[in-house]
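Chemist: Here the structure of chain V is known, so what remains is to put chain C in place on it, guided by the hints.
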Amino acid sequence: MNDQPAVTPDGTGRGDRAAAFARYVEPEIAVLYRVALTLAGQRADADDLVQEALIRAYRAVDRFDGAHPRAWLLTILRNTHRNRLRIRVASPLHENEQDTGLLDRSDPARSVQLVDVDGLTYAEAAEALGVPRGTVMSRLHRARARIRLVAAGLVPHRSRP
Amino acid sequence: MTMMSLSELARCYRTSRVLQRYLDGESDELTATRVAEHLKECRRCGLQETTYRAIKRALRGHDVDELALRRLRSLNRSLAETGGADPP
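Going down the list, the sequences are from chains V and C.
Going by numbering that gives the first Met the number 0, 2 is the number at position 3 of the first sequence; the sequence numbering is gapless.
Going by numbering that gives the first Met the number 0, 78 is the number at position 79 of the second sequence; the sequence numbering is gapless.
Quick caveat, the hints were computed from the structure, so don't treat them as lab data.
Quick caveat, the model's predicted, so the values are computed rather than measured.
For glycine and all other residues, C-beta sits at the position ideal for the given N, C-alpha and C.
A portion of the hints provided could be inaccurate.
Claimed, not checked - Some chain C residues close to chain V (C-beta under 10 Å, calculated; not the full set):
id : residue
1  : Q19
2  : D23
3  : R33
4  : K55
5  : L58
6  : A79
If we strip away everything but chain V, and leave its shape as in the complex, we get (with noise of 0.2 Å):
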């Protein structure tokens, strides 16, 4: 990782920046968008949440060594998203809602959403929440093996609460 930030002759370093914002992270956004639905669940957040990412990858792509763009991307997303949900979860406003659940990132219907919907790679979604890639693995095959459960009619579909 290169922690030497880029100078231009400006003596800002704000064109080598710009230079490499607009080459890592413009053709992930899409991608990160689709995550950040899956992680937040409403579009109105997974915009905001976009958003604040996209602000930190800016302030942090000056030490960023250009390897693996989308998964340094995914790190920022999921440790802003989950910056977000600690502020809210602290927030007097939430406190009588079930918002202890939010900060779990156990669900394997999220690891199935971010492999088959969103088309990442096992690594890439283990990023994503923060897991190894073992256990994104052994979710995607536990929820897959229910869904043909479910799909065959053998097993009740067990709605949210």
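Modeler: The following block gives chain C in isolation, referenced to the frame of chain V:
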């Protein structure tokens, strides 16, 4: 009904353990070749493959809000151009 041999059962078991990884394009080349060969000759595992492919097809992709994407791309460009400075 024909009885499956123990070695056939073992192949089915090994295939079922890696089938989803194979369908996701996440298995190594050797495993992928072995699974593909087994699926050609095993009806039971072939049915599992068909089902999981159908599940993946049914779930694949969803329309994203084009307007939201345009807004985010525009924010991205403005960050790159202005350096994230607040407007005057």
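Chemist: None of the hints should be skipped; say for each whether it holds.
Modeler: Now the hints, each set against the structure:
With a least beta-carbon distance of about 6 Å to chain V, the hint placing Q19/C at the interface is held under the 10 Å criterion. Among the interface hints, the one on D23/C holds; its C-beta lies about 7 Å from the nearest C-beta in chain V, closer than the 10 Å criterion. Because the beta carbon of R33/C sits about 18 Å from the nearest beta carbon in chain V, more than 10 Å, this interface hint is broken. Taking 10 Å as the C-beta contact cut-off toward chain V, the hint placing K55/C at the interface holds, the least distance being around 5 Å.
Contact between L58/C and chain V, as hinted, is supported at the beta carbon level, the nearest pair being about 4 Å apart and thus within 10 Å. The beta carbon of A79/C comes within 4 Å of a beta carbon in chain V, closer than 10 Å, and the hint placing it at the interface holds.
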